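Chemist: Listed here are the chains, written in short residue letters.
2 protein chains.
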Amino acid sequence: MYTLIHNEKNTKARLGKVTTAHGEFDTPCFMPVGTQGTVKAVSPQELNELGAKIILSNAYHLFLRPGTETIKKAGGLHKFISWDKPILTDSGGYQIFSLALLRKIHQNGVEFQSHIDGMKHFLSPADVVQIQVDLGSDVIMPLDECVHYPCTKDHAEIAMKKTIDWAIQSKQAIRQRVNPLGYKQFLFGIVQGATYEDLRKDCAKQLVDLDFDGYSIGGVSVGEPRNLIYNIVDFVVDLLPENKPRYLMGIGHPEDILEGVQEGVDMFDCVIPTRYGRNGTAFTSEGKLTIRNAPYAQDFLPLDGECSCYCCKNFSRAYLRHLFNTEEILGLRLVSMHNIHFFLELMRKTREAIAVDKFVEFKKEFLNKYNLCA
Amino acid sequence: MYTLIHNEKNTKARLGKVTTAHGEFDTPCFMPVGTQGTVKAVSPQELNELGAKIILSNAYHLFLRPGTETIKKAGGLHKFISWDKPILTDSGGYQIFSLALLRKIHQNGVEFQSHIDGMKHFLSPADVVQIQVDLGSDVIMPLDECVHYPCTKDHAEIAMKKTIDWAIQSKQAIRQRVNPLGYKQFLFGIVQGATYEDLRKDCAKQLVDLDFDGYSIGGVSVGEPRNLIYNIVDFVVDLLPENKPRYLMGIGHPEDILEGVQEGVDMFDCVIPTRYGRNGTAFTSEGKLTIRNAPYAQDFLPLDGECSCYCCKNFSRAYLRHLFNTEEILGLRLVSMHNIHFFLELMRKTREAIAVDKFVEFKKEFLNKYNLCA
Chain A
137 MYTLIHNEKN
147 TKARLGKVTT
157 AHGEFDTPCF
167 MPVGTQGTVK
177 AVSPQELNEL
187 GAKIILSNAY
197 HLFLRPGTET
207 IKKAGGLHKF
217 ISWDKPILTD
227 SGGYQIFSLA
237 LLRKIHQNGV
247 EFQSHIDGMK
257 HFLSPADVVQ
267 IQVDLGSDVI
277 MPLDECVHYP
287 CTKDHAEIAM
297 KKTIDWAIQS
307 KQAIRQRVNP
317 LGYKQFLFGI
327 VQGATYEDLR
337 KDCAKQLVDL
347 DFDGYSIGGV
357 SVGEPRNLIY
367 NIVDFVVDLL
377 PENKPRYLMG
387 IGHPEDILEG
397 VQEGVDMFDC
407 VIPTRYGRNG
417 TAFTSEGKLT
427 IRNAPYAQDF
437 LPLDGECSCY
447 CCKNFSRAYL
457 RHLFNTEEIL
467 GLRLVSMHNI
477 HFFLELMRKT
487 REAIAVDKFV
497 EFKKEFLNKY
507 NLCA
Chain B
137 MYTLIHNEKN
147 TKARLGKVTT
157 AHGEFDTPCF
167 MPVGTQGTVK
177 AVSPQELNEL
187 GAKIILSNAY
197 HLFLRPGTET
207 IKKAGGLHKF
217 ISWDKPILTD
227 SGGYQIFSLA
237 LLRKIHQNGV
247 EFQSHIDGMK
257 HFLSPADVVQ
267 IQVDLGSDVI
277 MPLDECVHYP
287 CTKDHAEIAM
297 KKTIDWAIQS
307 KQAIRQRVNP
317 LGYKQFLFGI
327 VQGATYEDLR
337 KDCAKQLVDL
347 DFDGYSIGGV
357 SVGEPRNLIY
367 NIVDFVVDLL
377 PENKPRYLMG
387 IGHPEDILEG
397 VQEGVDMFDC
407 VIPTRYGRNG
417 TAFTSEGKLT
427 IRNAPYAQDF
437 LPLDGECSCY
447 CCKNFSRAYL
457 RHLFNTEEIL
467 GLRLVSMHNI
477 HFFLELMRKT
487 REAIAVDKFV
497 EFKKEFLNKY
507 NLCA
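Sequence order for the protein chains is A and B.
Each residue of the first sequence is one higher than the one before, counting from 137 in the working numbering.
Each residue of the second sequence is one higher than the one before, counting from 137 in the working numbering.
If you're looking for bench data, these hints aren't it; they were derived computationally from the structure.
Just so we're clear, the structure is a prediction, and the values are computed from it rather than from any experiment.
Honestly, I wouldn't trust all of these hints.
A pair holds if it fits inside one copy or across any two, identical chains being indistinguishable in the list.
DSSO-like cross-link-like pairs, simulated, lysine-lysine; straight-line CA separation at most 27 angstroms [stated by the list, open to error]:
id	residue 1	residue 2
1	K341	K297
2	K449	K215
3	K221	K485
4	K208	K341
5	K215	K298
6	K449	K208
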């Protein structure tokens, strides 16, 4: 699955390639998020043109709507949403804990009510794997228990141990799976343990012993201070095998991604390019830009003078501001696309810098400029 | 401006070409509506790919937001919205009567409050022309007074006479205009007179004597029975010169457009492809289809099996229904695009049929099939 191409000389950053049944992608990479089977406001054709090589979707959301059966009948998620490149699906464990009603965590799975219609459901770790098998995901995430910050050590330990148990059950499930689509699907292990070093280490070691196709660091960016995240990432990555991809879940802003890359992370996902895009905040080489602000009323420059995306090549800040003021859909479409382009370009430049052992210089230069308007 | 190419043998339908400073378009044509400087949910690139050759925008809306000065500074509307093909702007007379607050019609213009912020404005017919000159519109519509249905003959006559007075003032204004953009802009006359034949005839004759670049039929589809509209169109068209384009404002559904074509109309506009698209109603060769309906939950056919648009080539009814159920923007984007494609294809096939003197057959065949699901 993962081929290590180059270890950067001065940091833990590394260049690699992940190969799946739906094609390969270079790492470090950013995965645009299409929770409900669509990257919000953007078409698959546009994602292709923007250079996205893998997207993320969410098993919990798709299980509830339109339902696994519908997607199975459609011939799998790739066909249903018209995206023929790799798809990673999150299990939706996080959504069950944050969105679902009256959830109850049992030793053998999770009981909850749908946040949409209140219907009761029970899902075991094996069920969650089977859903993703049925969806046809290239990368499957197991059910895990994610805790909030702050969290007592006792609670964090119980959740971590349950995550390990569920990881074991998920592995068994994927071995026994019936995949009508017939291609190889990968299963990642998720390192939990809140902000406790020993719990994180314990979890990472046990997962590595179980031998997953890749490892993700979960339960981060749940309210803890930023330096704690990178402390965790730093020593967790050291425990992971070199020949497997590493995925830092739900991270993040450009400065966070660069920090993760430096610590040796390969894969990132985050909703912010599209969420910020829908609210009219653009990521630019000089920092974030809030397009509704009055100074842009007669500013005929593009969002980012250095950017080559469709939005920047064709439209001015003044026009985009007009579109947001008049609540026209084209506005949020254009800024969402621009933001995805910005994140994908950031990763492309990051990979270039790693290849020539100049990641530290690249990061410094990027952040210096980026913080101008921060 | 207008070149007559072919009069259909069996009807008043005709084939023509309109040439403007921003290129030419074949008639009969349909103009997608971009009221606020964007065809809702659709990008200019997509409009181009869909084959749109002219779009419509609205002087009243753009005058209020972002304001004429902003668009002037941007280098005109074409540049501001990144659309280099022809633009026809409606004066917004209809919007002043339907949207604006506390409007007061004076002999020399209209006083009203903005429907957005309550600001008071006064616009004379010359002001309305100058706004459109500043926007850089290829086809300018003069300020007119549109009455509702039903309307007393006295009231209709007063409004019609004011429309004539204002048409005269508009002609004077465009002669004296200062167009910094330097290219030829056309001014149409608008035939009013409600449902009264003699008023319509009187209005049409006076406008023709004044010699406009084209003629539109306004004040239709304001609540009157459908047959009354085509009665008016029928005899008004007979009074218009053969060498000028004829535009039936705000019409309409496919069956209405075909009726207008048969009476000799050249240009149409309507918000329904995009408005219906945003609500999840698709126009198909077999009639309208409401995508939220339950039977489409596991229907993996395209919206229209005969359609070659991006939506129909890539997505199923089941996926579109899912997108609408989950309120995902991609859903309304795709159905809006499909609908515009449907209308533009209808016009292309209409022109083909006229060219070979088979319009009646084409119309009959289309309506037979279209009404299957009506």
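Chemist: Evaluate each hint against the coordinates.
Modeler: The hints, checked one at a time:
{"no.": "1", "hint": "K341 - K297", "in the structure": "within (12 angstroms within a copy, 88 angstroms between copies)"}
{"no.": "2", "hint": "K449 - K215", "in the structure": "between (32 angstroms within a copy, 12 angstroms between copies)"}
{"no.": "3", "hint": "K221 - K485", "in the structure": "within (22 angstroms within a copy, 37 angstroms between copies)"}
{"no.": "4", "hint": "K208 - K341", "in the structure": "neither (35 angstroms within a copy, 65 angstroms between copies)"}
{"no.": "5", "hint": "K215 - K298", "in the structure": "neither (34 angstroms within a copy, 59 angstroms between copies)"}
{"no.": "6", "hint": "K449 - K208", "in the structure": "between (40 angstroms within a copy, 20 angstroms between copies)"}
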